[in-house]
Amino acid sequence: MLASTHALDEKAVKGVTSDADHTSPDDWGYPDGGLRAWLVVLGCFMFSCTCMGFGLLWGALQDYYHTHMFPDVSLSILSLVGGVQNCVCLSTMGITSYIAGGIGDRYRRQKMIAFSSVLAYAFLLASAFSTKLYHVFLFQGVLLGFAQGLGMPLYMALPAQWFLRKRGFATGLAVAGSGIGAGIGSIIIRVLLTRLGLRKAMLVYSGMHGAVWIVAFILIKERPTPWFSGKKRWLPERVNGQFYSVALSICVGLFGYLVRRSFAPFYFITTYTKQFVPSIHPDSLLVVGPLVVMSLCAGIGRISAGSLADCLGPINVFFLSFFLGGLFQILVWTFSKTYASIMVFAALYGLVGCWFISLLPVVCAELFGVEGLSTITGFMILMNAPGQLAGSSISGAILNRSGGQWWAVTLYSGGIMILGACCILYARFSKEKRLFAAV
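So the mapping is simple: the numbering used here equals the position in the sequence shown, first residue as 1, plus 175.
I should point out that these hints are in silico values taken from the structure, not numbers from a laboratory. Model, not experiment: these values are computed from the prediction. Even glycine gets a Cβ: it sits at the ideal position worked out from N, Cα and C. Mixed in with the good hints there might be a few duds.
Stated by the list, open to error - Listed next, the in silico DSS-like pairs over lysine-lysine satisfying Cα-Cα at most 25 Å (straight line):
#1 K396 <-> K286
#2 K375 <-> K307
#3 K512 <-> K449
Said to hold, decoys possible - For each label pair, taking beta carbons as the anchor points, the in silico distance ranges come out as:
#4 K396 <-> Y419: 46 to 56 Å
#5 S516 <-> R370: 27 to 37 Å
#6 A613 <-> G209: 49 to 59 Å
#7 T513 <-> R370: 27 to 37 Å
#8 P246 <-> L506: 31 to 41 Å
Given these sequences and hints, build the entire structure.
Take a look at the structure:
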């Protein structure tokens with residue numbers, strides 16, 4: 176019996192191919208469906224709703240801080256403080272994502288996700304007692320970013336263990352929670368802040384997060400791989416031009432998209448709406464209407480991106496996300512001066528500009544295989560850091576130096592996103608030279 180088991184183990188090891196895909200997916204046999212697999216997706220969806228989604232509703236919190244807590248601080252200074260907070264948050268998250276991804280690949284992802292959730296809850300709860308700008312910077316920036324970064328690459332990559340043919344759709348569905356969670360969360364946090372104030376609002380909101388995380392943790396399950404490649408690696412076995420192409424695309428494109436709390440449109444859309452539609456009462460829910468629409472459409476867009484990736488290829492759709500997102504900023508946002516036109520831009524940008532986030536683990540699996548996928552995904556999340564370090568500050572500086580001319584911001588952020596799209600073309604055509612191939 177032991178000899179038979181040993182023979183099977185040897186066969187599993189020998190089943191690992193020598194090319195870039197070390198996973199032997201045909202030999203492993205992905206469920207590609209079933210109750211257990213979809214429950215895992217649901218759990219990942221709930222994590223992205225509350226962790227990734229919290230960052231997208233930052234515009235509502237930023238507006239509250241400016242209106243109620245720090246009215247004597249100019250918007251430009253407050254935006255700069257928020258930008259510094261966000262870049263540190265995502266820089267911290269990027270570093271911890273890479274490290275946690277490697278640890279999760281070596282040990283157990285679920286343990287790291289649980290540890291991440293406990294820390295995130297503690298820091299979110301502590302942020303309820305913020306009274307100074309540096310309190311906000313510390314708890315909602317550095318510490319919360321650190322905690323969320325521990326679990327982010329792990330639940331982003333988890334659906335790839337359960338799906339092959341439907342991998343794009345499943346991953347898109349899981350990550351879509353960030354947009355849907357932000358859309359619903361923007362309404363909830365706005366109502367809570369207006370009625371209860373910051374402290375009670377954040378106490379209630381952190382309690383809601385804790386309850387969701389408990390249920391989500393029960394739903395997720397890691398699927399141990401049957402192969403062992405020997406020494407675990409922090410990077411793919413062959414770090415080649417494809418790897419650099421993906422990393423550079425994310426690094427450059429993020430200066431225009433400005434991930435999570437400093438998405439250029441997500442970050443500025445509430446302030447932009449108040450400036451161009453002054454007839455709306457500052458405390459009205461209509462102020463955050465474009466942010467809600469953009470966030471909800473982002474959730475829908477990530478689900479549709481997964482389906483498109485299964486049909487057109489994940490790398491192709493990844494390129495389109497940056498390219499179309501940049502075009503919409505330049506051609507639509509620049510000329511949006513009414514509430515209706517702002518809502519149209521919010522919907523269009525939300526639908527397409529966010530695709531690349533949900534496709535990141537799918538693109539990495541396509542190019543490098545699923546072995547060590549959390550580590551690779553964590554490294555690619557780390558590539559957010561330069562954009563977070565300077566992107567929001569550059570946007571704020573451009574807005575200030577141009578005398579408050581928003582077209583300067585839209586041309587900058589849109590152009591940078593298009594440049595990021597161009598960077599992925601090397602990986603695309605080195606993988607498959609045919610123009611219309613589904614890659």
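Hints that the structure is at odds with (numbers, increasing): 4, 6
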